[in-house]
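Work out the full structure: start from the sequences and follow the hints.
Chains A and B supply the protein sequences, listed in that same order.
Numbering-wise (the numbering used here), the first sequence opens with residue 1 and increments by one.
Numbering-wise (the numbering used here), the second sequence opens with residue 1 and increments by one.
Read the hints as simulated data drawn from the structure, not as lab findings.
Don't take every hint at face value.
Keeping only pairs whose Cα atoms sit at most 16 Å apart, straight-line, the calculated EDC-like set for lysine to aspartate or glutamate is [unchecked claim]: (1) A/Lys-171 with A/Glu-155; (2) A/Lys-237 with A/Glu-301; (3) B/Lys-194 with A/Asp-111; (4) B/Lys-295 with A/Asp-239; (5) B/Lys-295 with A/Asp-282; (6) B/Lys-295 with A/Asp-281; (7) A/Lys-290 with A/Glu-238; (8) B/Lys-243 with A/Glu-187; (9) A/Lys-120 with A/Glu-166; (10) A/Lys-278 with A/Glu-238; (11) B/Lys-194 with A/Glu-98; (12) B/Lys-210 with A/Glu-74; (13) A/Lys-19 with A/Glu-54; (14) B/Lys-194 with A/Asp-104; (15) B/Lys-210 with A/Glu-147; (16) B/Lys-194 with A/Glu-102; (17) B/Lys-243 with A/Glu-147; (18) B/Lys-194 with A/Glu-109; (19) A/Lys-120 with A/Asp-77; (20) B/Lys-295 with A/Glu-238; (21) A/Lys-278 with A/Glu-47; (22) B/Lys-243 with B/Glu-211; (23) B/Lys-295 with A/Glu-47; (24) B/Lys-295 with B/Asp-328; (25) A/Lys-278 with A/Asp-239.
Remember, predicted model here, so these are calculated numbers, not experimental data.
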Amino acid sequence: MTDKTLPSSIDSTLDLLAKADYIADRSLATVLYLALRMGRPMFVEGEAGVGKTEIAKVLATTLGRRLIRLQCYEGLDVSAAVYEWNYGAQMIAIRLAEAEGEGDRARIEHDVFSDRFLIKRPLLQALEPDPAGPPVLLIDEIDRTDEAFEAFLLEVLADFQITVPELGTVKAAHPPIVVVTSNRTREVHDALKRRCLYHWVGYPNAERELKILRAKVPGIAKKLSEQVVAFVQALRKEDLFKSPGVAETLDWASALTELDVVALDPATVSDTLGVLLKYQDDITRLDGTKVKALLDEVRSELRAAE
Amino acid sequence: MAASEGRLAENILYFARALRAAGIPVGPGAVLDALEALSVAHVGTRDDFYWTLHAVFVKRHEHTGLFDQAFRIFFRKRGYIEKMIASMLPETMPGEHKAPPPGAQRIQEALFSGLNEREQAKSDVEIDARLTVSDQELLRKKDFAQMTAAEIAAAKDAIARLALPLDEVRTRRLAPSRHGHLIDIRRTLRASMKAGGAVIDLKYLGPRVKEPPIVALLDISGSMSEYTRLFLHFLHAVTDARKRVTTFLFGTRLTNVTRAVRQRDPDEALAACSTNVADWSGGTRIASSLRAFNKQWARRVLTQGAVVLLITDGLERDADDTLAFEIDRLHRSCRRLIWLNPLLRFHAFEARAKGVQTMLPHVDELRPIHNLESMAELVRALSGAPAKGYDPKQMLKNVA
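Structural data, given as structure tokens:
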């Protein structure tokens, strides 16, 4: 049971993440440790595919907590994110009360707006006590929703409570572990960020990316994995509209192993470039000669390192 | 122990102050958070100390660089703090002569209006013709704050005209509506409760409408210098009236001045803009500026149906394929691209310049903007459907 308790230092946070094959750097572990210890939400920003959402999933599995996910989208409102009344059941309850000759309007109203008729959505669920410990609440891609929705979150993130006008305030006895992610397609308001610990997840360096790759794609050959990482790292230095993320590196590595490739050659790279680059402009920019030049550079670099 | 703790708190307080001076918004709450974080983190190494403070003080990715610099200098030697602030702030240049405070010229004019009456009349005439003032400054760094009273009057006029119904887009968010198409069960139930559940009075929901964001890209190169000041005033007025306006200036590089323009007082806003920008009245590199915008900002500010105002004369020095490519990408990533070109004031204007020809096929609308009349027209255009007569294709046909 000891492994299910919160980590007691930055080092043990790193170990905890590594146990679930999440190779984090020390800065991320520091922020995560602080967030857990201080009971503060964690606000993670970064390019797509660098493992922001994964943090919450890994936390939930390693700590043995329930993961509650709120995927944000434009038009997300209270009834989908916080709570809703079960109108059908309420109607029936009113009819029944009438049939029984219950004439006291205040009484009906009190009965109808009670806990029994409340449908709990992710945010409210996250505040409920859980036998396994407070759940992990993942508010994913908050930049996809509009500014109006951020206001709903302020109360939840600051005090871990939600006010339902008809019922009163619901407050969590033990605050959930909150992870908020954003792709930065718009700036999130300072009022919300102020309540959180902020971290920017960047692209990993070659050494860490290699570790991630070996942890996530176990069957990969040593030489191929080195080449893949070196090529992706070189690609990120190019002037691209969207640089490949870690997720793309992993996809590409699994694609290459599926194709039984043992070492990179220009033709294979050109054929599978669509796994790494998702914009047509970027793919056309990287024509055959460019791929070959990059690959030669990568090979000579690796040879020098040996 | 208590004494050393006191020293730490003091140091953090000074550090927070240094960050604030360097431009990172750090509230008093963050200082308390920092102390709490340090006490729970059991900081051992310098790196842990760094990331602990980083987690609390930095709330935006752009500020990481500033924080890094501040941290290095501050925790090396305390005496360097003034030097650090001086090196990070563009506006405090040691040894520079003191610029007259914003609005000084206005006060002067107010005091000596009798003496200057004739001159003022002259500048009034000029405003009718070109919407610019006589004080042409050839300094590279222009002091915008020195406005003439006549110009202010003109700008105020423009602001008054801005009070028009503005453009609206439907959002996916719902709001109570009389003519909506969805039944609002919550309100319906509440309403029927009043009658004890006997009568069901249906209430409806409809889509909520919202003003789309505006993104302005303003050319501040030499060929535009007569107009930039008033355009900035115009953008300030628009920013005042609408919430979501993002303003960029470009000459040879792109600068985001949204925060500066948001200041209440137009004088202060313009002064803040001029301190932020390094390339006043230089050359134009439209293609590379658009490229910088597309790459760094487009995905962040062009969401939710943004309208882009591109204010430039289109006189690109080296018009090549990249310009066409970048303007096309810009066009594809926004809802409506309006090109405002002051050169259109000449009736004989023809799209002969290569840059203009390259950009024309990719804009939704081409409009003049050289006097208050055209500004007012633009505001009307922003509040409705694209107007006829500003079709860029027509302009291309005329040339052909």
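Any hints this thing doesn't respect? Which numbers, in order?
-> none
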